[in-house]
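Protein chains: 2
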Amino acid sequence: MTESMDQYMRAAYEEALAGRNEGGIPIGAVLVRNGEIVGRGHNQRVQKGNPILHGEMDALSNSGRHPASFYKECTLYTTLAPCIMCSGAILLYKIPEVVVGEDVNYPGETAFLRSRGVKVTILNNEEIIRMMKTFIEENPTVWNEDISEEV
Amino acid sequence: MTESMDQYMRAAYEEALAGRNEGGIPIGAVLVRNGEIVGRGHNQRVQKGNPILHGEMDALSNSGRHPASFYKECTLYTTLAPCIMCSGAILLYKIPEVVVGEDVNYPGETAFLRSRGVKVTILNNEEIIRMMKTFIEENPTVWNEDISEEV
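First to last, the sequence lines map onto chains H and X.
So the first sequence is numbered by the UniProt record's numbering: it starts at 1 and just counts up by one.
So the second sequence is numbered by the UniProt record's numbering: it starts at 1 and just counts up by one.
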């Protein structure tokens, strides 16, 4: 079953599209606290030559410094299932809930997140799946670099 | 038993001390490939107001973009046991070996790293332990923010 986007996943998707328009890897994320977007970002590997700025990491980076009490009221929305680095960041900051646009093109570490108590919802939205599938087919080298797979 | 520092842990420690001299959290790291330091950095929470730039992440960030084949020849040296975010980054990039200055002041996720096949060596060097202990005692608020612990 595929699910539609709410305003927050829509914002994460817009981040992904912004990244694509910059020539980057189209993965976007927003950090939401009590209904308000408090951080947003997208993968910056190509744009900034930076291997740690996955979409989720860029959103956390852009949200700035906060105490633990801040993050426990947050939900992270990301267009693609988070890798182990981004999952680790979610666990470090004890973000209790993650909403994932799709896990068809990349399985990520949602099972690991759940095993450590994070609530994970996977939408598998068709528009996001199609967008990411097209990007991977057209850009296999940079995609494999981003998930550190040998080719 | 406490062990002495080799040139790489010494470089990571110098990064930690540089961070302390900047008013930051004194945790440093270097990425070493075939005997050569290819990335170095230190925690930048205070200096850059950035929650994702732990020492290990800053070193990976400063080392730039690389394919998976690059990282598999690397060892990461870090003064403090890596948290779950930094451990996730180590696993994403399949860095096979991590050398840890100490895990007395923070246990980190070395058991998790080992469970996923990473070789972890923990030196528990006295000089690094003492330096970090003093920092935490004098700066409990920023330290707890960095590991996202409620106070």
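Since the hints were derived computationally from the structure, they do not count as laboratory data.
Warning: the hint list may mix true and false statements.
Identical copies go unnamed one by one, so any copy, or any two together, can satisfy a pair.
What the hints assert, rightly or not - Here are the computed lysine-lysine pairs in the DSS-like style, where the Cα-Cα straight-line distance is at most 30 Å:
{"no.": "1", "residue 1": "119", "residue 2": "94"}
{"no.": "2", "residue 1": "72", "residue 2": "133"}
{"no.": "3", "residue 1": "94", "residue 2": "48"}
{"no.": "4", "residue 1": "119", "residue 2": "133"}
{"no.": "5", "residue 1": "133", "residue 2": "48"}
Exercise. Between copies, within a copy, both or neither: which fits residue 119 and residue 94 at Cα up to 30 Å?
Worked result: For residue 119 and residue 94, the Cα distance is within 30 Å both inside one copy (11 Å) and across copies (26 Å).
For this session: Please work out whether the CA atoms of residue 119 and residue 133 approach to 30 Å or closer within one copy, between two copies, in both situations, or in neither?
Result: within (26 Å within a copy, 35 Å between copies)
For this session: Measure nothing new, just compare the shortest in-copy and cross-copy C-alpha distances for residue 133 and residue 48 to 30 Å and report within, between, both or neither.
Result: Close inside one copy (23 Å), not across copies (35 Å); limit 30 Å.
For this session: Check residue 94 against residue 48 for me: Cα-Cα at most 30 Å, and say if that holds within a copy, between copies, both or neither.
Result: Cα proximity of residue 94 and residue 48: in one copy and across copies (27 Å, 22 Å).
For this session: First find the shortest C-alpha distance between residue 72 and residue 133 inside one copy, then the shortest across copies, and answer within, between, both or neither for a cut-off of 30 Å.
Result: between (33 Å within a copy, 27 Å between copies)
The structure is consistent with each of the numbered hints, conforming to all of them.
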